[in-house]
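K.L.:
In order, the protein sequences belong to chains F and B. Its first residue numbered 1, the first sequence is counted upward by one per residue in this note's numbering. Its first residue numbered 300, the second sequence is counted upward by one per residue in this note's numbering.
For the record, the hints were derived by calculation from the structure and aren't laboratory data. Among the hints, a few may not be true.
Stated by the list, open to error - BS3-like mimics (lysine-lysine), calculated; alpha carbons at most 30 Å apart, straight line: (1) Lys-143/F <-> Lys-308/B; (2) Lys-146/F <-> Lys-478/B; (3) Lys-64/F <-> Lys-525/B; (4) Lys-140/F <-> Lys-525/B; (5) Lys-478/B <-> Lys-447/B.
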Amino acid sequence: MNRETQKSKSESTVIARELSFRFGTNQVLNHVSFEISAGEIFGLLGPSGAGKTTLIKLLTGQLKPDEGCAMLLGRDTGKLQAAEHNRIGIMMDNFGLYDRLSVYDNLSFYADIYHVSRSRIADILKNIGLYEARNTAAAKLSKGMKNRLSLARALMNDAGILFLDEPTSGLDPVTTREIHSVLEAQRKRGATIFLTTHNMYEAEALCDHVALLSRGRILEYGTPEDVRRKYNHLNRLMLTLKNGRTVSLENSSASALQIKEYLEQEAIETIHSTEPTLETVFIELTGEKLEACADRTGI
Amino acid sequence: MNNIIAILKKQIKDTFKNKTVLIQFILFPVLTVIMNNTVRIDGMPMNFFVNMFAAMYVGMAPLTAVSAIIAEEKEQNTLRVLLMSNVKPYEYLLGVGSYIWLACMLGAAVMCAAGSYTLQGGLTFLGIMAAGILASLLLGAAIGTRSKTQMMAASVSVPVMMIFSFLPMLSMFNTGIAKVARFTYSQQVVLMLEQMDAQSLKPDSISIISANLLLFTVLFILSYKKCGLD
Ligand SMILES: Nc1ncnc2c1ncn2[C@@H]1O[C@H](COP(=O)(O)OP(=O)(O)O)[C@@H](O)[C@H]1O
Ligand SMILES: [Mg+2]
């Protein structure tokens, strides 16, 4: 076992090579390539409809690519076997919970499937903040609780790789933070995490690497800092004037005269520079807003 | 084997919360017990109500229950997650199939106890029910695998169930229908139950039921080949 984990540490755990996929005539993914190394949190960032869920399905063998190939733990995802299935945990966007069964029974079923001791269920439930609700039927849970139960199930088998489809979408900030700390703990344990999100703050706070996906193409790939630094020309100065107006200026010598003028008039209330965020980078690249797109289709 | 038992256990837990399926399992056994103990008509054949309800039970319960359960798991995406967790399709189907078969056999046992049978008669009754339930189960599984949602499954399973359950009744009044109905497992179950005491089982009945079992197995395999469990 030990040697096995050693081995998987040194190799790429997830590889996508030139993946393309169509639903009918809709080209959902277009020559997507990336690698995820062991132990990192990889964030796939993109608006709703970008192809994130489809990509997860390709990476976990639920769909077959039209072109290119996907490898999981060194095996083609079309040919996954017990050894791989036992080492991955998946949280899909539509939960897949047994509505009539209680929170506890949803997990105890998977404890049986994974040969995991029942005592683990209580641990996981406490860890994820669902212990009090353990006897509630899954159908009666709020969206946030369903989210957490679905995540709890993905954690049942201590998987080496977690695929999480929008683990915090639509959740309040407190629950989101709780889930982030669970994910951080999983990373400390050595798990590799692939997550999708349309929340750029999540990606910046949590991920070692991010890929920006828009209309089936990866537009940028790198650490969140690298991506932002690359778009440093988006760095601007924001001035709030005493008369309530806000003014946005380029962060360069070209703005010096203008600022001097405001200073002489003592018109400035606040002044600060805005670093580019993944959000501004995304808008620059696509003209699309991440959250706005999500909201539009989320209604 | 472990996975099959886990699925069986999960289904048993679900039974008492899943009213649509629960009603399928207990309606006819309960009706049998009640009618058998309350209604007496002069010249009524032996085990009249047991035979009538047993035939309906075979035609309806396994077929609707299995198609509803498989289709629901597809609709809710629970099956997808399960198959990603190293559960093989055949393990899932055997788990759900054995659960429904056992639940229906329990119902059949209640019916058997409600009737008046010798030990051998009782065993023959259960044997006939076992084969009938299996046929109905295979047909229902074929419908379930082809359906994406519970609604779609019901839209097929209800008419199919009606045909197989009512053919025996209609053939009492119409010899034309009787000629066709003869080749259905449900009609043969009715015939065998009625003739059980009079004579030993006819080879005809056994071969028609076997042919039905074979046909439904092929039908199920074709459905599975076409749609898988997706
Ligand atoms: N089962 C399907 N059949 C046809 N088109 C689909 C199906 N699933 C997704 N799509 C389409 O594929 C595109 C990408 O969808 P998806 O991968 O779910 O995006 P995301 O998860 O990023 O929101 C969308 O245009 C969507 O309409
Ligand atoms: Mg999605």
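K.L.:
Of the hints stated earlier, which fail here?
P.N.:
2, 4, 5
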